[in-house]
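Chains as they are written, first to last, in the numbering used here: chain A, 1 to 367; chain B, 1 to 367; chain C, 1 to 367; chain D, 1 to 367.
One thing to keep in mind: the hints can contain errors.
Since the list can't tell identical chains apart, any single copy or any two copies may satisfy a pair.
What the hints assert, rightly or not - Below, simulated DMTMM-like cross-link-like pairs (lysine to aspartate or glutamate); rule was C-alpha separation at most 25 Å, straight line:
1. Lys8 / Glu359
2. Lys366 / Asp46
3. Lys256 / Asp46
4. Lys21 / Asp267
5. Lys185 / Glu97
6. Lys306 / Glu151
7. Lys363 / Asp172
8. Lys313 / Glu151
9. Lys316 / Asp40
10. Lys313 / Glu259
11. Lys113 / Asp268
12. Lys185 / Asp267
13. Lys271 / Asp202
Source of the hints: derived by calculation from the structure; they are not laboratory data.
Number of protein chains: 4
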Amino acid sequence: MSGSIFGKLFTVSTWGESHGKALGVVIDGCPAGIALCQEDIQKELDRRKPGSNPFGTKRKESDTVHILSGTFEGKTTGTPISMIVYNQDHHSSDYSEIASYYRPGHADFTFEKKYGIRDYRGGGRSSGRETLCRVAAGAVAKKILSVLHIELFAYTKSIANISISQNHFNKDNITKNSLFMPDEKAAQQAEIYLKKCMAQQDSAGGVIECIVENLPVGLGETVFYKLQAVLGQALFSIGAVKGVEFGDGFSVSMTKGSENNDAFFADDFGKIQKKTNHSGGILGGMSDGSPLIFRLAFKPTPSIHKTQHTVTKDGKNIDINIKGRHDPIIVPRAVVVVEAMTAMVLVDLLFQNMISNMESIIKFYKT
Amino acid sequence: MSGSIFGKLFTVSTWGESHGKALGVVIDGCPAGIALCQEDIQKELDRRKPGSNPFGTKRKESDTVHILSGTFEGKTTGTPISMIVYNQDHHSSDYSEIASYYRPGHADFTFEKKYGIRDYRGGGRSSGRETLCRVAAGAVAKKILSVLHIELFAYTKSIANISISQNHFNKDNITKNSLFMPDEKAAQQAEIYLKKCMAQQDSAGGVIECIVENLPVGLGETVFYKLQAVLGQALFSIGAVKGVEFGDGFSVSMTKGSENNDAFFADDFGKIQKKTNHSGGILGGMSDGSPLIFRLAFKPTPSIHKTQHTVTKDGKNIDINIKGRHDPIIVPRAVVVVEAMTAMVLVDLLFQNMISNMESIIKFYKT
Amino acid sequence: MSGSIFGKLFTVSTWGESHGKALGVVIDGCPAGIALCQEDIQKELDRRKPGSNPFGTKRKESDTVHILSGTFEGKTTGTPISMIVYNQDHHSSDYSEIASYYRPGHADFTFEKKYGIRDYRGGGRSSGRETLCRVAAGAVAKKILSVLHIELFAYTKSIANISISQNHFNKDNITKNSLFMPDEKAAQQAEIYLKKCMAQQDSAGGVIECIVENLPVGLGETVFYKLQAVLGQALFSIGAVKGVEFGDGFSVSMTKGSENNDAFFADDFGKIQKKTNHSGGILGGMSDGSPLIFRLAFKPTPSIHKTQHTVTKDGKNIDINIKGRHDPIIVPRAVVVVEAMTAMVLVDLLFQNMISNMESIIKFYKT
Amino acid sequence: MSGSIFGKLFTVSTWGESHGKALGVVIDGCPAGIALCQEDIQKELDRRKPGSNPFGTKRKESDTVHILSGTFEGKTTGTPISMIVYNQDHHSSDYSEIASYYRPGHADFTFEKKYGIRDYRGGGRSSGRETLCRVAAGAVAKKILSVLHIELFAYTKSIANISISQNHFNKDNITKNSLFMPDEKAAQQAEIYLKKCMAQQDSAGGVIECIVENLPVGLGETVFYKLQAVLGQALFSIGAVKGVEFGDGFSVSMTKGSENNDAFFADDFGKIQKKTNHSGGILGGMSDGSPLIFRLAFKPTPSIHKTQHTVTKDGKNIDINIKGRHDPIIVPRAVVVVEAMTAMVLVDLLFQNMISNMESIIKFYKT
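Construct the entire structure; sequences and hints are all you get.
Printed below as a string of structure tokens:
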């Protein structure tokens, strides 16, 4: 299996299984001279770690990160940055049963058909736990973005059919509740809904929106590596994502060109801007100076305690009740994962963008 | 600029501008021994060529393809396959005006900011004409799929708010009208709508659906190269796409786990199958044996004759009326492009999948 | 077959067979804003084209290049640069015989075993003619180097056991004879030797040396993409090369550390320099500010008219006399190929080097 | 800095500094179903670990490897294999002095110029200690080769001007002495020479030869990824290598085509073979069925205790005596590193080779 390495210049290689000894990530291609300490990584990991909200798994993991290489005297040196998180609270016995059958909505069936062998303990490599490595790498990418004054944030836009009101959206409210839903009323309704789901031994889905402000114009490479294309891969690589849309997204199929086109204008200082932002900050596959906006649809957690029908490895039809400690919804914990994947993509495209023009290359080598 | 090369093992490199001498594509990594002739490519190109439907551009191009390398005595040899299409009917004079301002909804602004230079004639490299190279490469990929008995087709699912009825969907009806809309009634309504758009000097958007049948289980590599992730990049790399969803897509965010999970069962022959296909044929990032299903939302063509506001290179606010020969809708011509990108992705993942398991490697080298 | 794409950021994709319709190359990742015309490419192609020296093949090819994309008003635009050379003087009938047997020293046997099919006409893809695409791409790379004031030149150091005298080496003498041997006396001896070879229906080998001056310090990425490693791949990818060495090369295995280490010193202007250059301009896998120096050993052309033993496809032992128009030595024509591969590598590493340090990234995005 | 990831399908990502907390490697793309335990890795690491011969550094490291992911019940699962070795005996104080000046023959100068920051402790990332990660990854690659009955071994061919006698070469004698020199007499002379070197506070170089037997025909991809080209990168990426040659190597430049060509013949069983092996097992960039043979020249260890001239960071000319525990020769410890890099390359090319031909792809997907 290949597939665990992402990025052209800022290259992230992740490894580890849910119930293995540890999980980790190696970043190859991080520039030298960035101030980086364990706390920079830890604070991001803490946002996704189990127990960060009442609707997440009850598995107890401190998810303490260790930086093993790539920094010296508090700064990156340009060499690969290796980070590791040891597993602690894995109850593999909870999973021994799974070895014999295929859980609906999970990778069990496909994994076994492809590889002929399956580490069934906690889902092995297919576990959502794998995303902690993305968050660690994303924390490094975010440091780079912040140095460049680029601001990136994601939040829960809706859970089931409960959506935040966009009218008085305020990003400072994102962290005000454990659902990362910047609308107190919607968050309360969602909590009630989720408690009902849990009582029914069921699970729920939702939508995350991500916004990036202050991006330079021109990120994204033409044709196959357009900004939305690279993000498309990155976002759909998050396990439970079933849909991604940019700007006005699917609704553009209903509009006319005259409605959907964003008119340009020069403001009083002569700066060229767009009157509207239907495009979500992308034109011709490149960032256009407006905020980058996109949404992801997450399916309900497939692990539910409710009785389900399935089949054993030997082809026997059975009814199952999945045990273990599972999130009734993964959306709130996925918010930081969305940010991480986005940050990695942007850093890579920021780097690639630097050699678009001979002029800047000449300037670099003159000094 | 990089960005014009796609694929890990079946690698496609495209080149060419709308009003340049020619456009072309090179495929590196096509196996030897596949019967391939120009007609295989031409028939696909004819499906997207201008004039293939009354709602496409009036530009006249025969789009005749020439295979310049990589075949011998009617078969691929394993060496790079180079294909070329010469431009004929380019009216660059239509575009001289564009040199001075930025068209709304187009790459003009971002391209110029990134590269400092812009081939404005017909949109240069950002023209939809670039997609003919994808269709040519896709035609080769489709040959490989057909040898493996994998069936792939796309069609127009909706134009504006006119959608086909899914109830009596029949893929044989896809080519019955020039909109590739397999529902005669919907197609007629759409035609009326599009004529109205044209009368209003405006344009329309729509949705394409793509289905792939008979895929082996296990295509897609874990974590970052999941089936939906690689498709995500490929599909979002098509110029006007603003949304992509797999299976039940965005609507899964509204459902519960117990509704969205596809139960497994063993059929009378012991074959493991899914009772439903909410997942759209993907589990754990791999094809799961059910049909692969996904949809793409296309924005309305940005080139409209209607008056629009914009700004010149010098920052002067102006009103413009775009000239030239433009499609009032690109969806029907994009159907074959969606198929092409999908075919390329599947071939690449089919190849990668062959080395998942040591057993098959041993078998290969024993013979 | 994959294998025809080279380079990470300055990516070169070549295609074409010896007796096909054409050969060509696509460069993806060339920055915008470089003055480039057909003559820039043609003058390099003319240095390698058949007939450029009396000891080359008698095949007559004008090798006229056409730039098909990627430039506008005399400058690169940042889009892929496609270049093509049509084949003219191919006598495929000369080769019909080869179809039935395997020429010693050639790719016939391995190619057929690997692919099951072989375009035997002129060696197909394995022909030395493939290198013209490298020279075309190298010409673009050289333009970039020259803008950065980096000087690159290669020359014939020896033919058989006739070597130039290093004592009065002058690079201006390289082009003074058709063997690119900057030592008139050695060149005359070599000519006599080569004529004897031809009379004996035999062929000769030789050594090329390449020197690059004025490289910035720090080119090359640590561990697997050291300067000598990337060059190692590039140089050994030239068909007949059997050995590559940097600086003092193989002879260092005989020396002691105290002899081989190059002492640093600060000159009168405080500039840090090396007293000697045993390292050939590389330290720790990176360019060290001294001239980059390396040598390549070329085997004698395998196509000789002399009687040879071999075997047919059916396994019959036979004697053969190879027909066709072959170079009794390929070294002089390979000089420009060595320069081309070197230029591509250096440009790629120059680009990669620009994102080593966060400081330069901040500076780029501030302006 | 990028550069620490190697391989297209069998992808190896290394990390770690000489005096950091640990070093490690992640393999992405190892097939499932290979029996693998820590002992498989440890026995290879033990061959290169400090103290494995009297002429190596006196640093004491157990170099105990831990497999952290990618195996389950003793077999690879197809997921990334992460391996780690913790540093124990690092005396960073020995190196504090180095912070202020540039050691001749080392990466100090270039590293600092490129990155602006340098982890000087033990050479940081440029330390030879980095190669243990290659050996660990190579151990996994060797397991794959051994399953396919491919035999790979390297040995010390010469130290300074003391060379083994090729006449009675026996690979079983390689491990009979700590210099891995399969010729007892030569080994004794070399020991005497090395002791003299050490007495003189100096160091020595040498040549390693590597042979691979039983390779299938056809490994290597045409043009840029020829077998010798990929090996060229891999071998030159080993720190102290200044020259690489295949088969008859540099001496081919002296021969004639009639001498250098290897004649084919069909043996009594109809198997096609070569009478000689001047080519070193490579034809047209692919393995040709004969043993693969190549040699690498290593420079003398640059760290010597003898007085040397150099310059401080501030540009002051000084005399230095390097302290610390250094190998007077690295050749014997590099033998296993050469094997490791070769094994990685071969595994990658074995995998790539499997999709050369449509026939085998059809066969794979039929079963």
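These are the hints, each one checked on the structure:
| no. | hint | verdict |
| --- | --- | --- |
| 1 | Lys8 / Glu359 | both (23 Å within a copy, 20 Å between copies) |
| 2 | Lys366 / Asp46 | neither (44 Å within a copy, 32 Å between copies) |
| 3 | Lys256 / Asp46 | neither (45 Å within a copy, 27 Å between copies) |
| 4 | Lys21 / Asp267 | neither (57 Å within a copy, 39 Å between copies) |
| 5 | Lys185 / Glu97 | neither (41 Å within a copy, 52 Å between copies) |
| 6 | Lys306 / Glu151 | neither (41 Å within a copy, 36 Å between copies) |
| 7 | Lys363 / Asp172 | neither (40 Å within a copy, 30 Å between copies) |
| 8 | Lys313 / Glu151 | neither (48 Å within a copy, 28 Å between copies) |
| 9 | Lys316 / Asp40 | neither (49 Å within a copy, 39 Å between copies) |
| 10 | Lys313 / Glu259 | between (54 Å within a copy, 23 Å between copies) |
| 11 | Lys113 / Asp268 | between (62 Å within a copy, 20 Å between copies) |
| 12 | Lys185 / Asp267 | neither (37 Å within a copy, 48 Å between copies) |
| 13 | Lys271 / Asp202 | neither (52 Å within a copy, 28 Å between copies) |
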